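K.L.:
Protein chains in written order, with numbering that gives the first Met the number 0: chain A, 0 to 543; chain B, 0 to 543.
Rather than coming from a laboratory, the hints here were simulated on the basis of the structure.
The model shown is predicted, which means the values in this text are computed figures rather than measured ones.
Careful, some of the hints might be misleading.
Which copy? The list can't say, so a pair holds if one copy fits it or any two copies do.
[Claimed, not checked] DMTMM-like, lysine to aspartate or glutamate: derived pairs with alpha carbons at most 20 angstroms apart:
hint	residue 1	residue 2
1	405	369
2	242	104
3	243	337
4	242	526
5	242	147
2 protein chains.
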Amino acid sequence: MERTISPLERARLNYRPVPPRVFESGIAAVTLSEGKGTNSRSDDEVIRATFPDLFGAPSIRFEAGPEVVSRQPLTVGVVLSGGQAPGGHNVITGLYDALAGWHQDSSLVGFLAGPRGIFEANHRELTATEIDAHRNTGGFDLIGSGRDKVETSAQLAACRETCSRLGLDGLVVIGGDDSNTNAAVLAQYFVTHGQPTVVVGAPKTIDGDLKGGGIEASFGFDTATKVYGELIGNIERDARSAKKYWHFIKLMGRSASHVTLECALSTRPNIALIGEEVRARQWTLAQLTDHIAAVVRDRAAAGRSYGVCLVPEGLIEFLPEIGSLIKEINRLLAEGIEESSLAGRLTPACAAVFAGLPERIQDQLLLDRDSHGNVQVSRIDTEALLIETVRRRLSAWSATGDYGGKFQAQHHFFGYEGRCATPSNFDANYTSALGQVAALLVAHGRTGYVCCVGGLAAPPGDWTAGGIPLTSLMRMETRKGRPTPVIAKALVDLDGAPFKQFARYREVWKNEDAYVYPGPIQYFGPEEVTARTTETLQLESGEG
Amino acid sequence: MERTISPLERARLNYRPVPPRVFESGIAAVTLSEGKGTNSRSDDEVIRATFPDLFGAPSIRFEAGPEVVSRQPLTVGVVLSGGQAPGGHNVITGLYDALAGWHQDSSLVGFLAGPRGIFEANHRELTATEIDAHRNTGGFDLIGSGRDKVETSAQLAACRETCSRLGLDGLVVIGGDDSNTNAAVLAQYFVTHGQPTVVVGAPKTIDGDLKGGGIEASFGFDTATKVYGELIGNIERDARSAKKYWHFIKLMGRSASHVTLECALSTRPNIALIGEEVRARQWTLAQLTDHIAAVVRDRAAAGRSYGVCLVPEGLIEFLPEIGSLIKEINRLLAEGIEESSLAGRLTPACAAVFAGLPERIQDQLLLDRDSHGNVQVSRIDTEALLIETVRRRLSAWSATGDYGGKFQAQHHFFGYEGRCATPSNFDANYTSALGQVAALLVAHGRTGYVCCVGGLAAPPGDWTAGGIPLTSLMRMETRKGRPTPVIAKALVDLDGAPFKQFARYREVWKNEDAYVYPGPIQYFGPEEVTARTTETLQLESGEG
């Protein structure tokens with residue numbers, strides 16, 4: 000049975016992404032120019048030793064030029080890795096179109112259900128019909144995704160075998176920091192073992208923590224934060240209309256708080272907690288509670304018994320005492336201690352922290368496990384925890400006459416609502432351009448690169464296209480107890496323009512209702528509405 | 000400090016709602032034609048006795064006609080009553096524009112923070128500047144809202160005093176079933192006491208349960224269900240992409256399941272529970288659990304360990320054994336039994352039901368109280384309860400080898416996300432027309448009417464305009480222990496076209512991924528995208 004599609008999905012299938020001007024005459028009329036050689040973020044020598052054939056390669060820029068006349072058909076594989084992000088399909092359609100424009104006999108193979116599809120040789124050649132059915136759509140359902148990495152020697156060898164058998168000229172890995180690190184491993188392995196397949200990465204993640212060093216933004220961040228911004232704005236308007244509730248809204252983003260920061264900048268809530276700041280200042284749960292409760296109290300005194308507080312998903316780990324507690328529980332679990340006797344085995348300091356937590360949070364700490372047997376931080380209801388601790392604090396203040404209001408709270412968690420949204424025009428254009436860049440990197444035989452499209456705060460026609468070596472994003476970090484070369488996650492920079500803008504205005508936002516209601520993503524209509532980029536991007540490019 | 004507004008909000012301020020053709024030359028060029036006299040839904044004699052001056056009045060239709068030349072300025076009051084719904088501001092702007100078109104010296108007074116604003120004489124004349132700043136915006140923040148009713152004789156007398164002092168020709172009550180019932184009470188009181196203020200109602204509620212008898216839809220339902228539909232569609236696409244989670248999504252709508260039904264029709268989830276059906280079939284929690292668990296099992300057997308299940312907010316009350324339990328707890332609480340000894344005082348049947356519930360739900364039943372001291376049904380995590388009971392059932396099936404899958408679930412609750420959304424073009428046009436009708440009813444001195452705009456499945460130019468007596472929507476119901484004339488809530492009709500459509504296809508939706516992704520509301524662009532009405536409206540008008 001053919002799937003029924005909505006009027007909007009149908010309209011979006013016909014959208015033609017706006018290409019950077021350099022690609023206007025097709026990717027064959029483009030020349031490659033090399034920039035300077037590169038280093039790593041740090042630990043150059045170790046990274047050079049691990050990636051001897053990739054390290055130090057120059058940055059690359061594509062520029063309009065004479066048509067490359069002698070072109071061979073290209074066979075390229077593509078894989079989606081990790082969590083969904085709006086625009087994933089358009090990297091694939093952009094790649095497909097570029098390959099077809101390069102040579103009509105080119106072909107694109109999709110690896111199914113993530114990187115496992117490469118070493119298990121689970122793949123399918125993508126047809127024009129299915130490509131056309133996925134243009135500008137959300138989701139990763141065209142070929143699926145997965146969280147597996149290519150890790151063991153057997154898996155690496157199996158990947159090589161698959162790429163060799165398919166005769167792949169290129170392999171495009173669409174993923175986040177870990178997946179792009181994995182792409183570098185694969186690229187080096189292929190060179191070492193004489194496998195000619197070029198491996199390139201495309202920067203994906205709604206979390207926004209894969210950026211810097213030539214990557215201005217990961218795709219999906221724009222769309223996802225706009226969906227969350229729509230909802231936060233609607234809730235702000237509700238709070239101000241009903242004058243009854245405090246809304247605590249948890250937002251996806253476990254390691255970095257870019258999503259929360261962007262949403263704060265676009266909606267101006269009364270409070271937004273930034274994990275990186277909490278860590279830097281070593282705020283405890285008690286201090287954070289005091290901080291929030293004071294805002295609730297002051298607003299109530301001004302007749303405003305309502306408000307909105309944004310909470311990043313990963314906040315709880317950033318609180319020093321809770322972080323220590325989680326570490327201790329994980330250690331005890333690893334030692335094989337039964338859940339039922341865990342609480343009794345905690346050190347006095349951690350036991351005191353544990354005892355102060357609401358029962359439901361205690362249960363979540365003791366009972367919810369991830370696949371490695373660790374405390375499952377993402378399942379902890381941080382937003383409900385804060386409501387509870389704030390409620391207790393306000394009760395104490397009521398008893399001493401320091402608070403006379405009524406605290407009623409609602410909590411929300413937005414994450415899954417935005418990961419598969421229909422990509423904004425920005426993300427549709429950006430990802431299509433990334434796919435074209437990927438095709439070019441393959442055509443020019445440049446392995447171990449990540450696709451870069453730059454100047455993103457400007458209109459798409461003005462965007463630049465190029466690539467940087469994956470090794471240039473790397474440094475050594477401890478993973479599973481040993482030093483490992485990885486692409487470092489970009490955390491919120493407390494000296495960066497977005498955080499400074501937030502810090503400049505948040506005192507005003509606390510007490511006044513400075514709410515901004517962004518409304519839903521618009522795909523048609525006035526340009527100031529449809530082409531609005533993120534506040535983060537504008538501020539980081541100096542245009543905010 | 001002037002509030003910063005988003006580019007979309009700015010663009011919407013300039014939107015001109017499309018009027019029904021009958022209003023094209025302004026409301027002065029309109030004549031009133033009377034239809035037949037009306038009865039009540041039932042209990043005619045009691046309702047006639049309660050509303051002797053309103054009962055039996057004819058339905059009214061406005062039609063294009065010669066200009067009324069002798070026009071006096073009108074002074075009208077307007078009040079928002081109850082929960083937010085998208086379009087409330089446009090009833091006010093439509094009313095304002097119509098009054099200004101009727102006579103340039105007309106004025107509009109806003110009562111602040113709900114009906115209490117009338118009897119407490121808390122009001123403000125609305126200026127052109129603030130009207131212009133709220134065109135086509137969501138929220139009720141222009142004048143606020145409240146849940147108070149005008150009930151006591153003192154309040155009724157105070158309302159009369161306010162209207163008299165302000166010299167109000169009309170009072171427009173924008174609200175749901177209870178608020179419109181209250182409008183009828185006020186209208187009759189004014190007639191009885193010689194107060195010439197005309198009282199008219201406008202049908203508001205995102206729940207969609209104020210309809211029938213000439214009202215085709217309450218405003219706000221269109222926008223709110225589209226916001227929820229956007230989010231459900233995004234989650235469906237995520238479920239299908241990640242192939243990992245079952246998402247249980249609770250939707251606002253405590254008494255009626257129209258919102259859930261509409262969202263089911265527009266997004267085609269695997270399961271949607273309809274409260275009215277559960278009640279009609281007297282399904283128990285155990286049966287419902289079996290039903291859901293069987294779908295999870297069958298999909299897992301087909302390799303689909305994911306899915307989406309919609310749950311109406313009021314579901315839990317519709318389950319006979321839980322309904323009985325809640326009633327018994329409320330009775331015991333009313334008898335003054337302490338919460339700590341409640342569980343021990345339950346009848347054996349209810350005690351058994353209670354014992355079978357997860358601890359968290361037990362707590363919510365015992366501890367969360369509404370302002371009347373009753374169990375706060377809306378705070379019960381029905382979606383989490385179902386996840387828990389389904390998980391237990393699947394575990395039992397695993398033990399006997401009847402289920403081999405892995406059940407991972409996420410839960411969501413969508414309500415506040417949609418109540419204050421920027422109104423869709425439909426709701427913006429509809430509410431503006433309702434405001435014009437309200438002005439006309441006042442101009443023509445017709446008290447005790449609710450504004451009706453009809454033919455809503457057609458383009459706005461073709462819509463009809465008129466009114467029906469509020470008494471024609473009434474019947475007797477028991478409220479606070481005594482028979483009371485009320486506007487009956489319109490529940491989902493299991494013989495109606497929307498439910499029948501759902502029932503026809505739901506077996507297919509269970510097992511296949513028939514998901515439809517509506518995407519966000521579009522205010523600009525192709526008409527098939529921007530002018531899409533609800534499935535409910537299309538089906539009820541025979542155009543589905």
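K.L.:
Decide, hint by hint, whether the structure agrees.
P.N.:
Hint by hint, here is what the structure shows:
no.: 1; hint: 405 <-> 369; result: between (38 angstroms within a copy, 14 angstroms between copies)
no.: 2; hint: 242 <-> 104; result: neither (63 angstroms within a copy, 33 angstroms between copies)
no.: 3; hint: 243 <-> 337; result: neither (44 angstroms within a copy, 28 angstroms between copies)
no.: 4; hint: 242 <-> 526; result: neither (34 angstroms within a copy, 36 angstroms between copies)
no.: 5; hint: 242 <-> 147; result: between (47 angstroms within a copy, 14 angstroms between copies)
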